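K.L.:
Each chain, letter by letter, is given below.
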Amino acid sequence: MSDAADSAAGAQSVEAAAGEPVETTKASAPPSSFLEVRDLHVHFPTQDGWVKSVDGLSFRLEKGKTLGIVGESGSGKSVTSLGIMGLHTVGQYGRQRPHLSGEIWLDGRELLGAEPDEVRKLRGREMSMIFQDPLSALHPYFTIGNQIVEAYRVHHSVTKKQARRRAVELLDRVGIPQPDKRVDSYPHEFSGGMRQRAMIAMSLVNNPELLIADEPTTALDVTVQAQILDLIRDLQKEFGSAVVIITHDLGVVAELSDDILVMYGGRCVEYGTAEKVFYEPQHPYTWGLLGSMPRIDRERTERLVPVKGSPPSLINVPSGCAFNPRCPYADVPKGGVTRTERPELRDLGGGHYSACHMSQEDRTRIWDEEIAPKL
Amino acid sequence: MLTYLIRRLFAVAVMLVVIVLAVFCIFFLIPKWTGTDPALMFVGKQADKEAIEGVREKLGLADPVLLQLLEFFKGIFVGRDYTGGGDTIHCSAPCFGYSFRNEQEIWPVLTDRLPVTLTLALGAAVVWLIIGLAIGVLSALKRGSLWDRAAMTVALGGVSLPVYFTGLISLALFAYQLGWVNNAFTPFEENAAQWFSGMVLPWITLAFLFGAMYARLSRATMLEVMGEDYIRTARAKGLKEPVVIGKHAMRSTMTPVLTLLGIDLGALMGGAILTETTFSVPGLGQAVLKAINERDLPLILGVTLITATAVVLANLIVDLLYGVIDPRVRLA
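The listed protein sequences correspond, in order, to chains A and B.
Position one of the first sequence corresponds to residue 17 (our numbering), numbered consecutively onward.
Position one of the second sequence corresponds to residue 6 (our numbering), numbered consecutively onward.
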């Protein structure tokens with residue numbers, strides 16, 4: 017009884033949250049892009065209601081390109097990536113099962129409406145993932161080689177010996193010394209950077225066309241971070257895969273990305289090429305992120321500028337602009353827009369989008385006069 | 006791995022010596038300090054004065070404590086003679102004491118009874134592991150479902166209901182009313198089929214109690230493990246869900262289950278007193294109960310030693326299995 021009521025409420029909130037009628041349906045045409053996410057919603061049931069972790073997200077990505085998804089904790093970055101991999105619903109039954117809607121197209125196939133087993137066959141082979149903390153993401157009881165061999169043999173009918181050779185080859189490729197010996201080591205016998213290399217080797221073992229890296233360097237030393245980022249970049253060139261890199265670290269994004277998507281409160285607030293987003297950002301939240309980034313060329317006595325306040329509740333998302341309560345420019349006149357109206361992503365030209373009620377003139381002026389000089 | 010093994014074996018040897026010392030203290034020294042006559046306790050209440058004197062002499066209770074201890078150890082390894090009151094009783098190695106009340110050596114009693122208790126405990130362990138793990142894992146995977154709630158309610162019953170309740174009920178129902186199984190114990194050597202029929206109810210009754218605990222433990226562990234990052238990784242590889250659960254999750258779930266199993270099996274070696282009494286299974290539990298009633302101190306001492314040794318050995322086996330299951334333990 018309460019189950020049915022819950023899911024009904026969930027379904028309603030999905031429609032209501034979309035704000036406008038969902039124009040694309042399951043029958044819509046496959047896109048030309050390699051990866052295209054259309055109006056993705058991921059809602060989790062909790063005791064207090066549905067948590068709208070991702071609430072209407074769209075983006076596309078071509079092969080050989082890198083998309084950086086940036087945002088603070090809880091903005092829905094990881095949820096998005098797990099959603100693409102189809103990992104939210106595996107093993108979830110009954111009332112814990114999250115609610116996903118929208119479309120995810122990978123190489124001409126729609127994944128959200130597909131059979132779970134079809135998506136499973138794609139996992140690890142066509143799309144694979146590097147996780148944040150390699151120590152907890154690798155099984156402590158199995159050797160590195162064993163885990164890579166397993167990943168290979170799920171999708172290839174080869175002997176253990178062949179798979180092992182492949183594992184050694186990849187460990188060598190990701191820069192692990194003496195790979196034929198280290199293949200038999202356990203994760204706890206590796207250093208943090210080595211573990212992440214092994215994790216990368218495991219995710220690349222099937223030559224995936226889409227690689228999702230969820231905060232791949234967060235758990236690592238700064239010196240190792242650069243090595244891992246270099247490795248990801250080199251491997252992308254070599255394998256020609258599309259890469260989605262998820263991070264809260266703008267430095268990482270700057271290093272790797274062609275496009276940047278800034279998320280806030282489960283929605284995209286700014287989307288564009290890396291150059292546009294870094295040099296002509298058009299959203300106060302992006303300004304905040306840039307302002308809170310430490311820079312070596314800045315006076316040390318100057319304090320970093322944090323984004324004041326805390327992220328919005330994803331259960332009761334503020335009506336209107338989710339960033340409004342924390343926006344330093346909330347009082348700038350917006351030409352008759354009410355506070356409860358939600359800003360839609362607007363095309364600013366050149367593939368640059370921003371979801372802000374302020375006029376483009378105001379934003380450009382504020383950026384040029386107030387923000388940019390301080391960075 | 007080898008150094009780990011050697012270190013563990015050494016620890017076990019030390020532990021066993023400590024156990025013998027402790028047991029010796031409890032049975033020989035504490036009565037002395039509290040003013041109870043050990044000789045009186047060893048012969049039983051109704052013995053006459055000469056018998057008590059004889060036992061006192063035979064046990065060497067007047068000797069220094071260290072000498073008594075040495076005699077005790079010597080008995081275990083080479084056997085000993087109890088001389089006094091005009092006669093000599095020989096107790097061959099390994100001598101774990103001599104029951105003056107029943108006029109028999111303790112060791113044969115123990116070796117007679119231990120196999121029965123062993124088969125009871127091991128048989129029950131097989132049943133409770135299979136059922137307990139299956140129920141626990143299924144409940145964890147379908148957390149909050151009707152199945153989960155029903156299974157956990159039954160498990161709560163299993164934990165709370167005493168063996169002499171479930172045992173008697175099952176005995177009345179399955180042995181007497183329905184006649185599906187035997188109501189009495191038959192030695193294995195006599196008739197294997199009859200033995201099995203007689204052991205089914207004790208096994209199931211004991212397994213019901215322990216299986217409930219294992220179901221709850223494995224459910225809790227499984228829930229925790231399924232939330233681990235490496236389970237997500239296993240799924241991200243494209244592994245089928247049965248492999249994710251059966252291989253990746255079960256491997257981690259087994260660790261705490263094994264720990265508990267070691268302790269439980271060890272403790273059961275001292276006799277499942279309630280189960281053995283309820284079903285008249287002539288194991289160590291029944292022997293020790295009889296010994297307590299008769300104040301047959303040497304037998305109690307022997308069973309205590311066996312139990313303690315069993316717990317230590319069971320834990321050694323568990324520790325070694327840890328090394329096999331969890332590679333991180335081998336370094337520790």
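These are computed hints drawn from the structure, not numbers from a lab.
Small disclaimer: the values here were computed from a predicted structure and weren't measured.
Cβ coordinates follow ideal geometry from the N, Cα and C atoms, glycine included.
Just so you know, not all the hints are guaranteed correct.
Unchecked claim - Derived DSBU-like pairs: lysine-lysine, alpha-carbon spacing no greater than 30 Å straight-line:
1. 350/A with 79/A
2. 137/A with 54/B
3. 245/B with 79/B
4. 176/A with 81/A
5. 295/B with 197/A
6. 176/A with 137/A
7. 295/B with 37/B
8. 79/B with 147/B
9. 245/B with 177/A
10. 79/B with 37/B
11. 137/A with 81/A
12. 245/B with 54/B
13. 324/A with 350/A
14. 137/A with 245/B
15. 324/A with 253/A
16. 81/A with 197/A
17. 37/B with 137/A
18. 79/A with 252/B
19. 177/A with 79/B
20. 390/A with 350/A
21. 245/B with 176/A
22. 37/B with 147/B
23. 177/A with 137/A
24. 176/A with 147/B
What the hints assert, rightly or not - To be clear about the criterion: a stretch of chain A counts as covered by chain B if any three or more of its residues have a C-beta under 8 Å from a C-beta of chain B, and this derived list gives those stretches:
25. 117-127
26. 233-242
What the hints assert, rightly or not - Computed footprint of chain B on chain A; a stretch qualifies when at least three of its residues, placed anywhere within it, have a C-beta under 8 Å from a C-beta of chain B:
27. 102-108
28. 370-378
K.L.:
Does each hint fit the structure? Answer for all of them.
P.N.:
Quick rundown of the hints versus the structure:
1. Between residue 350/A and residue 79/A the alpha-carbon distance is near 39 Å, which puts this suggested pair outside the 30 Å criterion.
2. At roughly 86 Å between alpha-carbon atoms, residue 137/A and residue 54/B are farther apart than 30 Å, so this suggested pair is violated.
3. Between residue 245/B and residue 79/B the CA atoms are separated by roughly 60 Å; this puts the pair beyond 30 Å, and the hint is violated.
4. Using a Cα cut-off of 30 Å, the hinted pair residue 176/A and residue 81/A is violated, with the two alpha carbons roughly 34 Å apart.
5. For the hint pairing residue 295/B with residue 197/A, the CA-to-CA distance comes to about 61 Å; that exceeds 30 Å, so the pair is violated.
6. Distance check on the hinted pair: residue 176/A and residue 137/A sit about 20 Å apart at the alpha-carbon level, within 30 Å; holds.
7. Distance hint between residue 295/B and residue 37/B is fulfilled; the C-alpha atoms sit about 24 Å from each other, no more than 30 Å.
8. Restraint check for residue 79/B and residue 147/B: the C-alpha separation of about 58 Å exceeds 30 Å, so the hint is violated.
9. In summary, the hint linking residue 245/B to residue 177/A is supported, as the alpha carbons are separated by about 22 Å, within the 30 Å threshold.
10. Taking the CA atoms of residue 79/B and residue 37/B, the gap is near 22 Å; set against the 30 Å cutoff, the hint holds.
11. Between residue 137/A and residue 81/A the CA atoms are separated by roughly 24 Å; this keeps the pair inside 30 Å, and the hint holds.
12. Of the supplied pair hints, the one linking residue 245/B and residue 54/B is violated, its CA atoms being roughly 77 Å apart against a limit of 30 Å.
13. Between residue 324/A and residue 350/A the CA atoms are separated by roughly 22 Å; this keeps the pair inside 30 Å, and the hint holds.
14. Distance hint between residue 137/A and residue 245/B is fulfilled; the C-alpha atoms sit about 9 Å from each other, no more than 30 Å.
15. With a C-alpha separation of about 39 Å, the suggested pair residue 324/A and residue 253/A falls outside the 30 Å cut-off, and the hint is violated.
16. At most 30 Å may separate the alpha-carbon atoms for a hinted pair to count; residue 81/A and residue 197/A exceed this at roughly 34 Å.
17. The suggested pairing of residue 37/B with residue 137/A is violated, with an alpha-carbon distance near 75 Å, which exceeds 30 Å.
18. About 34 Å separates the Cα atoms of residue 79/A and residue 252/B, which puts this hinted pair outside 30 Å; it is violated.
19. A C-alpha spacing of about 57 Å is found between residue 177/A and residue 79/B, which places the hinted pair above 30 Å, so the restraint is violated.
20. Between residue 390/A and residue 350/A the alpha-carbon distance is near 25 Å, which keeps this suggested pair within the 30 Å criterion.
21. Between residue 245/B and residue 176/A the CA atoms are separated by roughly 18 Å; this keeps the pair inside 30 Å, and the hint holds.
22. Among the hinted pairs, residue 37/B with residue 147/B is inconsistent with the structure: their alpha-carbon atoms are about 59 Å apart, more than 30 Å.
23. The straight-line distance between the Cα atoms of residue 177/A and residue 137/A is roughly 23 Å, inside the 30 Å bound, and the hint therefore holds.
24. Between residue 176/A and residue 147/B, the direct Cα distance comes to roughly 34 Å. Violation of the 30 Å bound is thereby established for this hinted pair.
25. Three residues within the 8 Å Cβ limit are the bar, and the region 117-127 of chain A against chain B gives 0, so the coverage statement is violated.
26. Check result for the region 233-242 of chain A against chain B: violated, 0 residues qualifying (beta carbon to beta carbon below 8 Å, three or more required).
27. Closer than 8 Å: that is the beta-carbon criterion, and the region 102-108 of chain A has 3 residues meeting it against chain B, so the requirement of 3 holds.
28. Note: the region 370-378 of chain A has 0 residues with beta-carbon separation from chain B under 8 Å; the three-residue rule is not met and the coverage is violated.
The structure does not agree with the numbered hints 1, 2, 3, 4, 5, 8, 12, 15, 16, 17, 18, 19, 22, 24, 25, 26, 28 stated previously, though it agrees with the rest.
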